[in-house]
Amino acid sequence: MSLSEMLVTILILVIIISLLIGMYFTYIGAFKIQMAYNELNSNSIIAFDKITSRIKGAARVAEQATINSIEYTTDYDTLILELPSIDEDQNIIFGAYDYFVIYRDPADNTLLKFDIEPDTGSSRQSGARLVSEYVDEIIFNFNNIDYTAVNKIETILVTKQDAGRTEQVIIMQNTTKIRNK
Amino acid sequence: MIIKSNKGQTLLIAVIFLAVTFMLGSSLFAYVMSNQIVSQRAYNTQRTYNIAEAGIHKAVWCLNNSDICGSGYSGETTDFSTGQFTTTVTSVGQDYVVTSIGSSSNIEKTIKVTITQNVTTADASFFYGVQVGDGGLTMDNNSYVDGNIYSNGSIDAGSGAYVTGDVYVAGGTALTADQEHTTQNAEFSFGRYDSDEDIAQSFTPGVTEVINYISLYIKKVGNAANATVYITEDNGGEPATSSLAQGTLQANLITTSFGWVDVSFTSNPELTLGTQYWIVIDVGTPKSSKYYIIGQDDQIIAPAGTGARYSSDWLSGNWSTTDGHFNFKTWMGGLDTHIDGLLVGANPDGTRIGHNCDDAHYAIHHGDAHAHTITNSDIECDAFYDVDPIDIAGTTVGRNSHPNSDDPPPEVMPISLQQIQEWKDTAAAVEPHNGDYTIDGTQEELGPLKITGNLTIANSAQLTLTGTLWVEGNIEMSNNAIISLDPGYGNNSGLIITDGKITVYNNCTFFGSGDEGSYIMFLSTNNSIDSGSPAIHVNNNAETVIFYASDGMIKVDNNAILKEATGYKMHLNNNASVVYESGLASASFSDGPGGIWVIENLTWQEIE
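Protein chains in written order, with the numbering used here: chain W, 1 to 181; chain U, 1001 to 1608.
Accuracy of the hints is not assured; some may be wrong.
As the list claims (entries may be wrong) - DEER-style ranges, computed between Cβ atoms: (1) N174/W to S1103/U: 57 to 63 angstroms; (2) S69/W to T1452/U: 54 to 60 angstroms; (3) S1267/U to A149/W: 42 to 48 angstroms; (4) Y1193/U to D77/W: 31 to 37 angstroms.
Claimed, not checked - Computed list of lysine-lysine pairs in DSS-like fashion (alpha-carbon distance at most 30 angstroms, straight line): (5) K160/W to K1058/U; (6) K1058/U to K152/W; (7) K1219/U to K177/W; (8) K32/W to K56/W; (9) K1287/U to K50/W; (10) K160/W to K1287/U; (11) K152/W to K1424/U; (12) K113/W to K160/W; (13) K1290/U to K1219/U; (14) K1287/U to K152/W; (15) K32/W to K1290/U; (16) K56/W to K1329/U; (17) K56/W to K1219/U; (18) K177/W to K1058/U.
For the record, the hints were derived by calculation from the structure and aren't laboratory data.
Small disclaimer: the values here were computed from a predicted structure and weren't measured.
Even glycine gets a Cβ: it sits at the ideal position worked out from N, Cα and C.
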């Protein structure tokens, strides 16, 4: 093999190896994106399902409520619902209501949380729960400026997660009728 | 040994290259697939909800249509190509608890509701034996009304026609609204909190004339109480704290859906062209769960000192401005009306009391006539009219004459269009009967039901009403038909509504439930005022029944006897009569003994 043949061979090998390395990192990147997207998507669906389920079962929207010593006000990104209380057999307790709020954690507004203050006879558990940790935006639109007259709520949930050099964003939107209104 | 062969290198490189490409491709494929799977799961979750809710609605439908699903419906399992629901209907007291499990693509959602019978009642006050709208009343020879008459139009009577009670003919109302603001793009709650207890809306008349009544585009939340409506002068761009006229916003005319509701006044002051006045609505005590909502146009900019206001108390004079205008109409008077040729205050058999209307008689029977002009009549007691002597020409007055009297204010019809629509909605809540419905010589129970064609109750047929009937076509009841209310109505009344015309032939018989205060009402929304083909045409012998034509004519032929009749226009033929029963002043109309099955509010819940 002459010197020139060897140099050509080395050049070709360098090109091939570079190509393979590039492909490898592209694969790793795609894998990260896939994993991030899967996690984000699952998280969004579960969160959105929980939100719409609570809206469906609500009695009405409350304008203000103090829930576990924190005062909340219904707004474009905070929703307070009055849920009919339920006993241990999952039967509704007429005339009793649990106060339920969906809000973004002020300390870390990527966290979407529920908090609930049940009526004394209710079987629902008091306390805050994490619903999603990837929230970029949540918007509630109401079909009436008078919250007590609201019977439909449009919910827009935008979740976002870093995936290497890119960002994955999921936007979910739904208009939910309050079934008990 | 040096191997100099290069064979196989290309293959090796190709295999490595393909392997990497395959891995990359697989990764992208998996990425797309996982995205699709997750999206599909979200879709399936929503679909499963919908399937479970379909099971609930099917159960409600079956409970309302036991003739199709069978009595004692206990639930079912129904398969779709995309899933299934399984419902369980359990009787709990007088209600049913329905549990519906929807399943689709390995996802399950369970919804539980309580189904209850919705029996609502609506009050309607018939204070007069005959109440007539602007179309007026014609009474042919020897026809009579045993009770009082209130007519917004003139009364023309033939020989021997008489009334046992008082007669009021209101000052005529212009055919079109003088001022109005009818665009609605917003709404305003009032009577709810202290800050919005009262509202006001300015208007400036286009003529100098008396104001007869106003209309408001309004609905209510909960069982709101009556409110007081005032007409006031303007006081520096706000309502004055004293009123020119006062009326009542009757809560029983208002439903939970928007509609126009009229408010008349106890007196009708003359308003001046070009001068600003205010409509003030005063809700006594605000209640957060029982209040009113008025239509509003908040997109228009009202000039300073005009438009919509709200206040904690209109007498305080402290008003806040809200955008634009509230929805309203003002109706001015100006049309002269009259009573002609009528005997007022006769005995029930038509004999005159002989101009002996002393205080003892007056305390019980009255026998007064109130109209702008009263001509060629016999008024056994007092006459109230405008100008002496031209507005009392040819009339004898048994007791006192009261010239220069104001015209009586127009009386609002006792049932609003909103209420009629609500009754229709109740009837339409169950599966309709498409086409004509004939009951011929048989006994049937009907209601609640909507019939899209005509309803014919032929000779000797018997119809027992078990709920409100809404007939889109005409109703014809022929000889010897018997229509009655189910005993379950108790002391409530029931009704049949039609968009078409009602014809009652000879010898039809009508009964309430059997309890005192229970009546059956036939209500037509048809607008025919043609005497040859009126909205309601009653032939002989139709007793114990209320006829109501909101926009058309009621024509009553010879010898027919009614309990009460209210129509836009009315014609009592020779010898026809209306014999008023005092219980009609507080009639309560019910959906029926059973009502319809509906999902009880506040019982929808997802079982997790």
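Here's how the hints hold up against the structure:
Distance hint check for N174/W and S1103/U: the Cβ-Cβ separation is about 21 angstroms, which falls outside the suggested range of 57 to 63 angstroms. In this structure, S69/W and T1452/U meet the distance hint of 54 to 60 angstroms, their C-beta atoms being roughly 59 angstroms apart. At roughly 36 angstroms, the beta carbons of S1267/U and A149/W sit outside the given window of 42 to 48 angstroms. Roughly 26 angstroms separates the CB atoms of Y1193/U and D77/W, a value that falls outside the hinted 31 to 37 angstroms.
For the hint linking K160/W to K1058/U, the alpha-carbon distance of about 40 angstroms lies beyond 30 angstroms, and the restraint is violated. As the CA atoms of K1058/U and K152/W are separated by approximately 23 angstroms, the hinted pair is consistent with the 30 angstroms bound. At roughly 21 angstroms between alpha-carbon atoms, K1219/U and K177/W fall within 30 angstroms of each other, so this suggested pair holds. Our distance criterion of 30 angstroms between C-alpha atoms is broken by K32/W and K56/W, whose separation comes to about 36 angstroms.
Restraint check for K1287/U and K50/W: not satisfied, since their Cα atoms lie roughly 34 angstroms apart, outside the 30 angstroms limit. Taking the CA atoms of K160/W and K1287/U, the gap is about 45 angstroms. The hint is violated against a cut of 30 angstroms. Restraint check for K152/W and K1424/U: satisfied, since their Cα atoms lie roughly 25 angstroms apart, inside the 30 angstroms limit. Straight-line distance between C-alpha atoms of K113/W and K160/W comes to about 16 angstroms, which keeps the hinted pair within the 30 angstroms bound.
With a C-alpha separation of about 11 angstroms, the suggested pair K1290/U and K1219/U falls inside the 30 angstroms cut-off, and the hint holds. Annotation: proposed proximity of K1287/U to K152/W holds, straight-line Cα distance about 24 angstroms (limit 30 angstroms). For the hint linking K32/W to K1290/U, the alpha-carbon distance of about 57 angstroms lies beyond 30 angstroms, and the restraint is violated. Between K56/W and K1329/U the CA atoms are separated by roughly 39 angstroms; this puts the pair beyond 30 angstroms, and the hint is violated.
For the hint linking K56/W to K1219/U, the alpha-carbon distance of about 25 angstroms falls within 30 angstroms, and the restraint holds. A C-alpha spacing of about 19 angstroms is found between K177/W and K1058/U, which places the hinted pair at or below 30 angstroms, so the restraint holds.
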